[in-house]
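Novice: Residue strings, one per chain:
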Amino acid sequence: MLEFIIQNNIVCHAVEAMLFASIACAVLGVIITQVQISSIGFTMAHAAFAGAAVGMFLSLNVTICAIVAGVCVAFLIGPLSDKARVSPDTALGLLFGISMAVAIFFIAYMQTIGQGFSAMGLLFGDVISLYREEIYLLAIICVVSVVFVVVLYKEITGIIFNKRIAESVGIQVKPVYYALLFVIALTVALCLPIIGGLLIYVWLVTPAAIALQFCYRLSAMFVVAPIVAAAISVSGALAGLEYSLPVAPLTAVLFSIVFIAAVFLSPKRRVTFRKS
Amino acid sequence: MASSDPVILLENVYTAYEGADRPTLTDISLSVGKGEFVIIGGPNGAGKTTLLETINGMLPLTHGKAVVCGHDVRGNGVGVRRRVGYLLQNFAFDPLTPFTVEEVVLMGRFGTIGLFRKPGKEDHEAAKRALQLLGIEDLASRPIGQLSGGQQQKVLLAQSLARDPDVLLLDEPFSNLDMFAREAINCLLSRLVASGIAVIIVSHAFDDLPDCRVRVVVMHDGRISLDRECLPADVGLLIRNAGSASLNA
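If you're matching them up, the sequences are chains A and B in order. Going by our numbering, the first sequence opens with residue 1, and the numbers climb by one from there. Going by our numbering, the second sequence opens with residue 1001, and the numbers climb by one from there.
Do not rely on the hints blindly, as some may be mistaken.
Computed cross-link-like contacts, DSBU-like style, restricted to lysine-lysine with a CA-CA straight-line distance of at most 35 Å [stated by the list, open to error]:
(1) A/174 / B/1128
(2) B/1118 / A/163
(3) B/1128 / A/163
(4) A/174 / A/268
(5) B/1065 / B/1034
(6) B/1034 / A/174
(7) B/1121 / B/1034
(8) B/1034 / A/163
(9) B/1121 / A/163
(10) B/1118 / A/174
(11) B/1118 / A/268
(12) B/1121 / A/268
(13) A/174 / B/1065
Just so you have them, the derived chain A footprint on chain B, three or more residues with Cβ under 8 Å [what the hints assert, rightly or not]:
(14) 1083-1093
(15) 1110-1124
Hints listed in this document are in silico derivations from the structure and should not be mistaken for laboratory results. Built from N, CA and C at the ideal position, the CB exists for glycine as well.
Looking at chain A on its own, in the form it has when it is part of the complex (with noise of 0.2 Å):
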């Protein structure tokens, strides 16, 4: 899609892939950090780590195991904390850990029969070896998320604002959340090769805490958040190719970077009244 810009392919492809997943990602993690639901994208995330793991193991398709496996733990979450009577953190506790635990268990045991690398590549991504029908699969998943807000902008803000108000409104909550969780699921399991089991919440988090940090607006947060991570992203990438650095670490890093210095910038920590 990009070969025009780009001529080198491998590089094209990484920034492709890098471009749409960190699009959907920060589009999906505006809602998810106003929602206060980060903990579920935690988990998710490492739920869809865990089944791609167990994928990877059985020699089945990866993608499609990390999805089954996310989306599986979203609907766990609510009838797990019902009926073990727990809260939902600690149900969702139980979930990370459980997660973790076989997606630790899996790539432990390849690494003993020789299957190491290609289990590192879930843990830390791979941006390199991507094939074009993965690139056209993010490029959905990114057109998804974006049709997904803008349809539902309305019913996503009322309960990003608040759950309860939002019910009292009548909005029908339910149905937009579980809607939302299997979008969130989806996402995951789809960037999950190229960002790596570890680090897919630092782009589901850290693009809309530095919008947070600018915009007095969702309607802003959604616009900024996709731009931010959209430049840290391709830059992470090009940085990487370019000086043999692992990619998704790389610009994990430089997120974080831009987080605490747009902390600093911030205008909302700032007094601006001068006497006159």
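With chain A's structure known, arrange chain B on it following the hints.
Specialist: Just chain B, lined up with the frame of chain A:
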């Protein structure tokens, strides 16, 4: 007390929270007509907020029948909520909340607009009217998190009014408000009641009530222990006496 042509009709309603071993509301029968002003009193934990949320369809009925604005609450809670304005109690927003006052008030229309549709000119005008009713149109572009508690309370009240409700349920509407704001809100409530909106408030402040006939409903332990009309000046005494009688019974 039975009202002719009621907008709220509860018959032998029981409501229980999930996992509770006894109902929070027990055998509640209540009929409220258009343009009635009802004040619900009673001690903490009597079931006042639960009653409002049952009327609004946010809590499920375990027994009985509830019809609000022509909709059966059991089968069409969302339909009920589109016709009912509800001010929840005790809300405070973080200073970084990325919503302006105008956006929050417009949200009051979202249920009536329907899925996949955007707010139109009519919705923006309704939100503007609600801001003007509360006298906070000058705050429209301010972030809600940067307002005082009383101003935030007014914004949420404007949100409830933005959808031109037939019924207004207000849970502690006078908390956080100064005496001038209370007077203004009471004046507004009188006008709303005169225009035919049924107003039900849960409050512990009985000093400056709207200048209209008031119906007092006193709750105790999930039941209605008193339901009668009185003058605004008598509300406090009536609720206090009913509360003492219930405690002594």
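Novice: Name the hints, by number, that the structure is in violation of.
Specialist: none
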